[in-house]
Each structure stands twice: as structure tokens, then as C-alpha cells.
Amino acid sequence: MNIAVLSCIHGNLAALEAVLRKIDQQSVDQIYCLGDLVGYGPYPNEVVARIRDLDIPTCQGCWDEDIVDGLNACDCSYPSLLAETRGRLAHEWTNQEVTPETRAYLANLPLTLQQDSLCFVHGSPHSQHEYLLPDTSAFIAMERVLATGADTLFCGHTHVPYVRHLEDSHLTLKVGSPSTQSPVPAATPLPALQRIINAGSVGEPRHGRPNATYVIYNTDTQQAKLHEVEYDYAQTCAAILEKGLPAIFAWRLSKGLEYAEKADDPSHVCER
Amino acid sequence: MITVVAGPCGAGKTTCILQELAQVPMPAVYVTPGVGPVPIDATRVAARFPQVEIFHRQPETDLLQRLAAGIPAYFEMGFQLETDMPLLAAQPHRRVALVGDKERNADWQLWADAVIQGNQSSLEVNSAQLWQAPLSGQVFDPPSLDTFWQELIQGAYGEVHRAKGIFELVDGQAFHLDFVDSLPGSAYTELNLPRWVQGRPNRFSGLEVVGQGLDERAIAATLKDCYLSDSLLAAHQATLRDSLALEAS
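Residue numbers (this note's numbering), protein chains in the order written: chain H, 8 to 279; chain B, 57 to 305.
Any given hint might turn out to be false.
[To be verified] Here are the simulated DSS-like cross-link-like pairs (lysine-lysine), alpha carbons at most 27 Å apart as the crow flies: (1) Lys262(H) <-> Lys232(H); (2) Lys232(H) <-> Lys250(H); (3) Lys250(H) <-> Lys280(B); (4) Lys262(H) <-> Lys158(B); (5) Lys29(H) <-> Lys232(H); (6) Lys262(H) <-> Lys29(H).
[Said to hold, decoys possible] Where chain B lies over chain H, by a calculated footprint (3+ residues, C-beta under 8 Å): (7) 89-103; (8) 252-266.
It is worth saying that the hints were derived from the structure and are not from the lab.
A virtual CB, placed ideally from N, CA and C, is assigned to each residue, including glycine.
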């Protein structure tokens, strides 16, 4: 069975349509979406309507949550003053733009989705806002996968796609009590292989090119393939300007740079 | 001995003078005529060589006294200025031109006593825009400054041929940032200045951009979004002072 996993569309309808067209040609049995349907981009309602109409199982992203519950970010959301200013501008614009129907849809999205040994989240099972970066410590990465009970964790949020294998890992437990002499297990062996697969971003890539990225995963062979799709990003840039979003968003999108948020501290654990 | 250094925008004039200053006995004099309210090069020279006397606003009589005393003097002629100064007409001096291969024309050969290899410049002087902003008192967080700088030099606010600036960072250090479009990347140099750990820095910082089609309003607005507020600055500086006190104890 082939599944396609997309994430972080951020109101970029042209990018979503291009990815959906490509997926149509790839014998995909099921599509999953890891959230962040809205935020920064010019078409939040249209993107939500498209995902909803196609009945794509979707979990809630950090931007989706912020639009529902309001901003309440920890440091990882805003790595700089400039990012914070831009993030707030985008939040205010999106908050004004979304319809009650869109907001209700976003509010009802689940935080995780599970299918057999696969788990789907936006940031991490700990929080939609937490970044699982390629160099996040192996201990934290393993703990996050184990917390789901799955072998393969699909996430987004970083906007940079990657596949990380966590092989032959052990969690060492040391539980001591002065009142008991019972032997303490030195280590708990884990299944041989867990993996984290990051789907990158459909609508706001930060890999240096404006192309959308997504993943196709074969559940039989357990092979993941990252896909990159060119699309007419100039169309989205024009809409950013036309709709009154900051012009710098259009420039950054055209360069394959994230609009504002940029997590690069693998040691940060989200405190939200 | 008086040395006059001239060349196109971004040729490397200040760097050349810094290299020469490292070789001459102190004291010495550095002169930047017509620099206005954004003396980036002069601040860079003063930070590297505190013994060098900087002239960019002082009375000409003081400068003439130093020249009469035979103190080594370096004049840096901005690319937008005439290369001949009335003040130098009666003074024996050596003329050095820094030019890239493509700009080695007869004018430079005729003017200079020595033509040295400089960085290439693709600037059309006639259509060039020069934008300057004094930033004294403003303090930046490094990630914001880095984002702004990358956007600036990659063309988000117009075509930039040359950008240089001195910026105060939240850790109390001042940095010189330098971009020339014919060179790869930017140079980031920490200035040899005391860390500023209390209040807003009362020393020069500023930015100069040379290019074409510059969106000056957008540059100014983005810079403003990077400034630390009084309360944020106070909080960071309190932590910084505690940390420095701990290191010292």
C-alpha cells in the first residue's frame, strides 16, 4: 500500500494543487496530512476546503491551533524578534481572514493519527509546536517515537524533509529503592528499528528552492521516498501582495526560505 | 608621509589602509573626507588601532598641524568623491588606486602613483543609490540581524552592490558586517571595543548600502523590527552582567 504524506501547506493553494496533481499520477492508496493548513499564505479557507472536500485525514498543526486558541508560543516558535513580528502579522491577517467554518474545522482536528504501526503528528507527539530536527538528540527522538507505540513516526513542522533511522536503541532504566532488594533491569531492549520521516512542506519550503515537498511511503517495503514538485509559485507571490500580506513573504517564498519561523536548536524542548 | 587611497565602491580601501597602519609607527592619522553622519570606516579603524587619530569632522587646522609634524597620514577617498582635495595640493603625498582588472583604465593610471589590485566593482556610479542610517543606541538580537542582512544582500530590498555596517548586539559586542557583491559571502568582524552591558550604547553604529532600486522604506522598517525594546535590553543586560560577574569571580 502506498500512502502520501503532506504537511505545512500554509495557505498556499497553488502548491497544494500541484502536489495533488502529482499524487494522482503515483498510485497512492491514501493521503495523510500533518497540519498547518493555514498561516502566512494567502488562501487559508481555500486550502482547508480542498483538504476537507477530499476527506484527507489530517492532524492539527501549530498554526491551526493558534488560529483556534490564540497565540501562546514558547521560544521555539519565535527564534528572533523579526520572526516574532512577522509571525504576529501573519497570525493577525489569517485570524481576520478565516471563516467560522474554517475555524471550526481546524478546532476539531485530532493531534495524532494512527494506522497500524504508523503514527502521524505535526511537530512531535509531545506538542504541535515541538521541532523534531534531524539532529535532535537520539534519546529524545526515540522517546517521542516510543510514546506513540508506533514504529514509524511521520512529522512535519521543520519544513525540511528528512528520514531518520533509530537503530538498535536501548533505553536504560535505573530505579532504586532503599526498601527493596529486587533486581533492576539494566536496559529495556527495543524493536530493532524505529524511524522518523519528515514530510517537509508543501507551501513554505525552506530547503533553498521554492518547490513543494511531500513523502510517499510504501507500507509493504517500508520505503519512504521524498518528492519535490515545481509549481507556479509566482501565482502565490502575487496573491500575497494582492491580499496585503507583507511583501517580504513573497520574496522569501520565491527563494525557498521560510517566511519567519526557523528552528535550529536541536536541544530545545518545547515548553508550551 | 601622506597616503591617499582611492578606488571604486567596495574595492577594499579601508582594508588596504588597515594593512598599512599595521606596519607604520604610531601615532598616525586617518582622514575620511565627506563621510557625514555614518562614519563606519573611521569607527572600524579606531576600534582596530585606538592610537590612530581619526579626522572626519575636526577642524582642518588641527589636521594641518599633524601633517606639518610629519605624522603618517592616510586619506580614504569615498568612491563618490573627487579624488583631488585642495588641502593636499600643497602637501607632498603618495596616491594609491585600488581597482579591479576591469576598471584599470587610463584615468586611474594617470592619477595614481601606484595601482593595486582591488575587488571588482560592477556598480554603475551614475545610477547608484547611496542609503545611510545612523543606528547609534539601537541593539540587535543576532538571529534578527542575520535574517535582515541575508535578505538585504540577496536582493529583497533592491539590488545591493555594497553594504557595510556596525551593529551593537545584545551580548554587548559590536560587529562590523561587510558585503561586496563581487566577493563570496559577507565578512563578520567583532570590533575591539569594550562590551556595553548597561543601557543603550553611547557610541557610533550605523549602516550604509549602495545599490540600485533600493526600497529604502522597507529597509528602514525591517531594521526597526529588529531593535530590542528598553525592557528586553534591560533583561538581557542584567543576565549578561550576572554571567560576567560569575566568570570574573
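A quick look at each hint next to the structure:
no.	hint	result
1	Lys262(H) <-> Lys232(H)	24 Å, holds
2	Lys232(H) <-> Lys250(H)	35 Å, violated
3	Lys250(H) <-> Lys280(B)	23 Å, holds
4	Lys262(H) <-> Lys158(B)	31 Å, violated
5	Lys29(H) <-> Lys232(H)	14 Å, holds
6	Lys262(H) <-> Lys29(H)	22 Å, holds
7	89-103	holds (count 4)
8	252-266	holds (count 5)
Violated hints, listed in ascending order, are 2, 4; each of the other numbered hints is respected by the structure.
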